[in-house]
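Q: Protein chains in written order, with the numbering used here: chain Z, 1 to 191; chain R, 1 to 136.
Derived from the structure by calculation, the hints contain no laboratory data. Predicted, not measured: the structure shown is a model, and the values here were computed from it. C-beta atoms are modelled at their ideal positions from N, C-alpha and C, and glycine is treated no differently. Possibly wrong hints are sitting among the right ones.
Examples of chain Z residues toward chain R, derived with CB under 7 Å [said to hold, decoys possible]: (1) V68; (2) V84; (3) R90; (4) G93; (5) A98; (6) E117; (7) L126; (8) H140; (9) V150.
Now the stretches of chain Z that chain R is said to cover, found in silico as 3 or more residues with beta-carbon under 8 Å [stated by the list, open to error]: (10) 25 to 37; (11) 71 to 80; (12) 127 to 136.
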Amino acid sequence: MTVEPAATRLRHQVPLVVWLVLVWMLLWGSWSWANLLSGLVVALVVLVLLPLPHVVGGVRVRPVPLLVFLGHFVVDLFVSGAEVAWQTLRPAGVRRTAIVRVQLRVDSDLLLTMVAEAISLVPGSLVLDLDRERRVMTLHLLPVRDRADVERKRAHVLVVEERLVRAFGAPEDLEALERAGSDAREEVRAP
Amino acid sequence: MTAFADVLAYACLVAGATLCLTAGLGLVRFPDVLSRMHAGTKPQVLGVLLVMVGAAIRLDGWANAWMLLLVAAFQLLTAPVSAHLISRVAYRRRHVRRDLLLVDELRGAEAQDDAHRGDEPGDAPPERDGAGRAGV
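Using the sequences and the hints given, assemble the complete structure.
A: Pasting the structure below:
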């Protein structure tokens with residue numbers, strides 16, 4: 001771990017403190033100065049006792065793409081819930097599954113985490129493995145009918161990734177997305 | 001108005017409970033660990049969310065609603081993580097019904113990558129000529 005100036009460290013910890021205080025306030029369920037102050041104390045104690053590697057920044061939030069992503073996400077959540085529920089109920093049971101690898105384009109820890117989380121909740125896929133270096137995600141697909149269906153699901157993963165990058169990605173990430181779009185999808189040039 | 005809210009709340013609660021039930025059914029009926037994890041994430045998460053929405057409508061006061069919001073948020077964040085860890089271990093220990101797989105792209109890569117091998121005695125590297133039949 002590299003030693004950083006105290007100011008930078010502090011700046012990286014601020015979002016975490018805000019989040020912890022927010023959780024504390026939500027747990028109490030009401031706003032008061034006492035809650036805020038005790039939340040701050042708890043947050044600082046947690047951060048001092050359990051120092052976490054900070055999530056390196058480069059993430060910004062764009063409201064409109066964020067809403068687009070959230071809208072699709074909620075719809076996907078319902079569709080996938082219904083789909084898997086149907087698989088459990090129907091007499092024939094599960095017939096075919098598949099394991100596929102998908103070449104992603106983003107190169108940021110936080111974004112990859114978000115993509116993996118979102119992918120696990122959208123229809124038909126579950127993250128099995130994530131190769132950080134090569135940015136390859138291995139997925140287990142549950143209801144697959146045929147090869148075309150597999151390809152359709154693979155394309156859907158890339159769509160989810162793109163929505164997330166548009167909502168949260170730094171300019172570099174957006175650039176990487178466009179570059180990868182113009183290249184062939186398979187080969188990412190090695191430097 | 002309250003009657004409408006009540007109906008909405010009950011609908012959410014029943015739908016959520018049903019989805020959780022199907023998640024349990026999936027655990028019993030699905031053929032292998034990886035498929036079961038699908039049942040453990042999607043209908044389960046959606047079911048919990050619906051129950052939370054129903055409860056938030058039914059319970060009075062914001063204090064409860066905030067708590068339910070937290071439950072929902074942590075459910076969304078943690079369910080995929082635990083499902084991922086379990087299915088990853090399952091794959092490495094080869095609790096996979098290969099006969100159900102239409103495509104397995106991890107297997108090709110696995111051959112060059114010993115890290116993906118299972119860690120039971122039976123997972124020792126196969127003999128050269130029998131390589132294609134490992135893990136059945």
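Q: Which earlier hints turn out false for this structure, listed by number in ascending order?
A: 1 and 3
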